[in-house]
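Protein chains in written order, with the UniProt record's numbering: chain L, 1 to 95; chain E, 1 to 153.
FYI, nobody ran anything at the bench for these hints, they're computed from the structure. Using N, Cα and C, we set each Cβ at its ideal position, and we do this for glycine too. Hints are not guaranteed to be accurate.
To be verified - Ranges of calculated distance between the beta carbons of each label pair, as one might list FRET restraints:
| id | chain 1 | residue 1 | chain 2 | residue 2 | range |
| --- | --- | --- | --- | --- | --- |
| 1 | L | Lys32 | E | Phe53 | 37 to 45 Å |
| 2 | E | Asn37 | L | Gly50 | 36 to 44 Å |
| 3 | E | Lys55 | L | Val8 | 33 to 41 Å |
| 4 | E | Gly50 | L | Asp64 | 20 to 28 Å |
| 5 | E | Lys20 | L | Val80 | 29 to 37 Å |
| 6 | L | Arg86 | E | Pro14 | 30 to 38 Å |
| 7 | E | Lys55 | L | Asp81 | 37 to 45 Å |
| 8 | E | Glu49 | L | Glu48 | 17 to 25 Å |
| 9 | E | Arg62 | L | Asp73 | 33 to 41 Å |
| 10 | E | Gly50 | L | Glu48 | 18 to 26 Å |
| 11 | E | Glu58 | L | Ala79 | 47 to 55 Å |
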Amino acid sequence: MASLQGFVDQRVLLILQDGRAIVGVMAGFDQKSNVVLSDSKERVYSVEEGVEEIPLGLYLVKGDQIVLIGELDEAADQAVDLSAIRAEPLPPIRY
Amino acid sequence: MLPLSLLNAAQNKPMLVELKNGETFNGHLVNCDNFMNITLREVYQTNAEGDKFWKLKECYIRGSTIKYLRVPDTLLDVVKEEQNRAREASRNARGGGAGSRGGTSTHATHISFLTLLVFYRARDAAARWARCSTRWSYSGKRSWSRHIIVDHC
Numbered sequence: 001m002a003s004l005q006g007f008v009d010q011r012v013l014l015i016l017q018d019g020r021a022i023v024g025v026m027a028g029f030d031q032k033s034n035v036v037l038s039d040s041k042e043r044v045y046s047v048e049e050g051v052e053e054i055p056l057g058l059y060l061v062k063g064d065q066i067v068l069i070g071e072l073d074e075a076a077d078q079a080v081d082l083s084a085i086r087a088e089p090l091p092p093i094r095y
Numbered sequence: 001m002l003p004l005s006l007l008n009a010a011q012n013k014p015m016l017v018e019l020k021n022g023e024t025f026n027g028h029l030v031n032c033d034n035f036m037n038i039t040l041r042e043v044y045q046t047n048a049e050g051d052k053f054w055k056l057k058e059c060y061i062r063g064s065t066i067k068y069l070r071v072p073d074t075l076l077d078v079v080k081e082e083q084n085r086a087r088e089a090s091r092n093a094r095g096g097g098a099g100s101r102g103g104t105s106t107h108a109t110h111i112s113f114l115t116l117l118v119f120y121r122a123r124d125a126a127a128r129w130a131r132c133s134t135r136w137s138y139s140g141k142r143s144w145s146r147h148i149i150v151d152h153c
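Working from the sequences, and respecting the hints, build out all of it.
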């Protein structure tokens, strides 16, 4: 049985259907994969400058918008210098 | 913690709602349901490009059109506290401070032991009374009369 229970209280990366990447601590979830993220930040990628982190605070994301949820290795994540990263932002999903 | 309990606790609190089409709504939550349908009051609506604004007295948003909601950070502690209190209350309702199943059954054994003790005392007293050869009975006019009975034991 696939479950999000193992992610609770862990720092996770969320990718949404519009291409946004959000990191935050998963505070809760439900049957529809709606997710509560606390202390969340959006990571905005661009080719011109480094990754910009925009603080978002407490977020409730609807499950039908979520593409991916991944556990973050906090030590590895903090070792990365985000300002040095250049990357194309993810395009939104198109139907 | 369930997302819907967070939403329920957000009543009368300010929030930002973004729809799947990118429009955003800033307002205070009036009501919500299990489909995440919500009503907001004193709303500022922004179009997807973020260059047009509307002010609405009240609006209703169908849950299925919502992408995400942003709520005040303080709500997390409020909901956690509420859950702790609810857990505590249900534990107390099940009986005893110990709250474990073992504690409850010990309690039950204790009661039945007491009941048995009372029962045996009463039975012994009745037996003694039956074996007694003298009976007193009230014959009226403030006088007691003594009867000698034959013990058949």
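Hints, one by one, checked against the model:
1. Taking 37 to 45 Å as the suggested C-beta distance range, the pair Lys32 of chain L and Phe53 of chain E does not conform, at roughly 31 Å.
2. Between Asn37 of chain E and Gly50 of chain L the Cβ separation comes to about 40 Å, which falls inside the hinted range of 36 to 44 Å.
3. In this structure the hint that Lys55 of chain E and Val8 of chain L lie 33 to 41 Å apart at CB holds, the actual value being about 39 Å.
4. Hint check: Gly50 of chain E to Asp64 of chain L, Cβ distance near 23 Å, so the stated range 20 to 28 Å holds.
5. In this structure the hint that Lys20 of chain E and Val80 of chain L lie 29 to 37 Å apart at CB holds, the actual value being about 31 Å.
6. Here the CB-CB span from Arg86 of chain L to Pro14 of chain E is close to 36 Å, well matched to the stated 30 to 38 Å.
7. For the pair Lys55 of chain E and Asp81 of chain L, the beta carbons lie near 43 Å from each other, so the given range of 37 to 45 Å is met.
8. Between Glu49 of chain E and Glu48 of chain L the beta carbons are some 21 Å apart, a value that agrees with the proposed interval 17 to 25 Å.
9. Restraint check, Arg62 of chain E to Asp73 of chain L: a C-beta distance of roughly 38 Å satisfies the suggested window 33 to 41 Å.
10. In this structure, Gly50 of chain E and Glu48 of chain L meet the distance hint of 18 to 26 Å, their C-beta atoms being roughly 20 Å apart.
11. The hint said 47 to 55 Å for the Cβ distance between Glu58 of chain E and Ala79 of chain L, and at roughly 49 Å that hint holds.
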